[in-house]
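Colleague: Each chain is listed here by its residues.
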Amino acid sequence: MELLQRFREGDREAFTQVYRAHHPAVFRFALHMTGDRDKATEVTQEVFVWLIHHAEDYDPARGELGAFLFGVTRKFLHRSRRNESRFVSFEDAVERAAPDRADDSDAVELRRAIAALPERYREAVVLCDLEGKSYEEASVLLECALGTVRSRLHRARELLGKKLRAQQRCAV
Amino acid sequence: MSCREYKADLIDVARTGGGLAARRHAEGCHDCALFLEQQQNLTALEHELSVDIAPPPSLESELLKLYVGSRLRPRRRASARRGAWLTIGAIAAAVVVGWFVKPVSKPALMVARTEVRAGKVVVVATEIPKPKIQKRRHTPDTDPPFLPIPYTQPLQPGERAEVVRMDMPVAALIAAGFPVATSDAGAEASADVIIGEDGRARAVRLISISERSIER
Numbered sequence: 001m002e003l004l005q006r007f008r009e010g011d012r013e014a015f016t017q018v019y020r021a022h023h024p025a026v027f028r029f030a031l032h033m034t035g036d037r038d039k040a041t042e043v044t045q046e047v048f049v050w051l052i053h054h055a056e057d058y059d060p061a062r063g064e065l066g067a068f069l070f071g072v073t074r075k076f077l078h079r080s081r082r083n084e085s086r087f088v089s090f091e092d093a094v095e096r097a098a099p100d101r102a103d104d105s106d107a108v109e110l111r112r113a114i115a116a117l118p119e120r121y122r123e124a125v126v127l128c129d130l131e132g133k134s135y136e137e138a139s140v141l142l143e144c145a146l147g148t149v150r151s152r153l154h155r156a157r158e159l160l161g162k163k164l165r166a167q168q169r170c171a172v
Numbered sequence: 173m174s175c176r177e178y179k180a181d182l183i184d185v186a187r188t189g190g191g192l193a194a195r196r197h198a199e200g201c202h203d204c205a206l207f208l209e210q211q212q213n214l215t216a217l218e219h220e221l222s223v224d225i226a227p228p229p230s231l232e233s234e235l236l237k238l239y240v241g242s243r244l245r246p247r248r249r250a251s252a253r254r255g256a257w258l259t260i261g262a263i264a265a266a267v268v269v270g271w272f273v274k275p276v277s278k279p280a281l282m283v284a285r286t287e288v289r290a291g292k293v294v295v296v297a298t299e300i301p302k303p304k305i306q307k308r309r310h311t312p313d314t315d316p317p318f319l320p321i322p323y324t325q326p327l328q329p330g331e332r333a334e335v336v337r338m339d340m341p342v343a344a345l346i347a348a349g350f351p352v353a354t355s356d357a358g359a360e361a362s363a364d365v366i367i368g369e370d371g372r373a374r375a376v377r378l379i380s381i382s383e384r385s386i387e388r
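These protein sequences, in sequence, are chains A and B.
Sequential numbering from 1 applies to the first sequence in this note's numbering.
Sequential numbering from 173 applies to the second sequence in this note's numbering.
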């Protein structure tokens with residue numbers, strides 16, 4: 001509470017503390033959701049720039065700052081995806097046509113497979129499996145029922161399992 | 173319980189290790205055993221993804237600079253407010269002065285031409301008539317409909333758009349294929365243009381045409 005007040009008042013030390021406490025979660029979530037380090041860095045930057053300019057929008061009575069930043073991150077990811085679907089740069093188009101397969105380790109394949117999942121499934125996998133949140137925590141963050149989170153996660157894991165098995169067959 | 177029902181529990185077994193009944197079922201069912209193994213592999217791979225990831229260290233210093241800069245802004249705002257008050261004062265003073273000062277009418281534009289009067293050639297100055305601007309009065313009920321610009325993607329349902337009024341040469345409208353009833357292609361047209369979210373013009377509605385040509 002006091003930290004946030006100092007943050008609002010322009011205390012550099014408070015900013016550093018808030019950033020260091022919350023940037024790993026924001027970055028990890030963005031990275032798992034996009035599967036792209038540069039995009040994740042960009043989204044992380046946007047989230048904290050937003051916080052700098054809208055620190056007053058956070059109401060501690062409504063929840064923790066981490067959950068609030070998670071919601072902001074989701075919005076920026078959503079916006080980023082919407083913009084991407086509208087314009088594809090020439091470089092990206094070339095890359096999509098001929099993806100770099102130099103690093104085809106299983107983990108990289110899994111990251112690609114997760115990034116290709118529909119958003120609602122991806123969020124469930126990222127929060128429950130990669131971020132280690134419980135179904136209850138994930139349902140609060142995603143603003144949906146606990147059963148919904150569980151069924152989305154199960155569906156996502158079935159899809160991932162199939163995808164990875166298919167890739168292993170191709171590799172053989 | 174069917175295999176399908178057990179599979180939901182087997183996913184939880186692979187994630188958290190519990191679910192004795194599902195585990196026992198998998199021991200006796202080949203398909204479910206394969207499914208459990210696949211899910212356990214997936215869990216192991218997911219653990220590999222969760223280690224050692226952090227944004228570039230330079231991001232913190234960049235954000236800190238921005239943070240410090242943003243917290244200096246209120247001072248600038250105060251000076252901007254002072255500037256705004258000065259501007260308002262200057263405008264008020266100009267209005268008061270303008271009230272008392274009689275406006276000087278501009279002399280009409282004259283052109284010289286020759287005439288023959290009583291067998292003599294004389295030079296006569298005549299006044300050039302001011303160009304008349306025809307403006308069609310229009311109300312929202314009588315506004316013409318928007319015409320889509322050819323070869324552009326139409327607005328999607330729910331897409332936000334902005335209507336911008338702009339002046340443009342009639343020739344540009346004719347070239348784009350719009351039926352414009354005027355004999356002067358150099359005339360200036362006032363039109364409402366719908367701009368989509370991507371900043372591209374989608375449709376045009378002609379408002380009025382003035383006879384005054386656009387000076388270039």
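Be aware that a few hints might be false.
Claimed, not checked - Here are the computed lysine-lysine pairs in the DSS-like style, where the Cα-Cα straight-line distance is at most 25 Å: (1) A:163 x B:179; (2) A:162 x B:179; (3) B:179 x A:133; (4) A:39 x A:163; (5) A:133 x A:39; (6) A:163 x A:133; (7) A:39 x A:75; (8) A:133 x A:162; (9) B:179 x A:39; (10) A:75 x A:133.
Stated by the list, open to error - Not close to chain B: a few residues of chain A, all C-beta gaps over 12 Å, as computed: (11) 57; (12) 67; (13) 114; (14) 139.
The hints are simulated quantities; they were obtained by calculation from the structure and are not laboratory data.
Just so it is clear, CB atoms sit at the ideal spot from N, CA and C, and this is done for glycine as well.
Colleague: Take the hints in turn and mark each one as holding or not.
Modeller: The hints, checked one at a time:
Annotation: proposed proximity of residue 163 (chain A) to residue 179 (chain B) holds, straight-line Cα distance about 17 Å (limit 25 Å). With a C-alpha separation of about 14 Å, the suggested pairing of residue 162 (chain A) with residue 179 (chain B) holds against the 25 Å cut-off. At most 25 Å may separate the alpha-carbon atoms for a hinted pair to count; residue 179 (chain B) and residue 133 (chain A) meet this at roughly 21 Å. Note on residue 39 (chain A) and residue 163 (chain A): the hinted pairing holds, with a Cα-Cα distance of about 24 Å set against a maximum of 25 Å.
Between the alpha carbons of residue 133 (chain A) and residue 39 (chain A) the distance comes to roughly 23 Å, so the proposed pair stays at or under 25 Å and holds. Simply put, residue 163 (chain A) and residue 133 (chain A) have alpha-carbon atoms about 24 Å apart, close enough for the 25 Å limit, and the pair holds. Of the pairs offered as hints, the one joining residue 39 (chain A) and residue 75 (chain A) holds, with about 14 Å between alpha carbons and a cut-off of 25 Å not exceeded. Taking the CA atoms of residue 133 (chain A) and residue 162 (chain A), the gap is near 24 Å; set against the 25 Å cutoff, the hint holds.
Restraint check for residue 179 (chain B) and residue 39 (chain A): the C-alpha separation of about 35 Å exceeds 25 Å, so the hint is violated. For the given pair, residue 75 (chain A) sits about 20 Å from residue 133 (chain A) by alpha-carbon distance, which is consistent with the 25 Å threshold. For residue 57 (chain A), the condition that its CB be more than 12 Å from all CB atoms of chain B holds, with the nearest at approximately 14 Å. With a cut of 12 Å on Cβ distances, residue 67 (chain A) stays outside the contact zone with chain B, its closest approach being about 20 Å.
Remark: the non-interface label on residue 114 (chain A) conflicts with the geometry, its nearest Cβ contact in chain B lying 8 Å away (cut-off 12 Å). Distance check for residue 139 (chain A) against chain B: the nearest CB is about 16 Å away, which clears 12 Å, and the non-interface claim stands.
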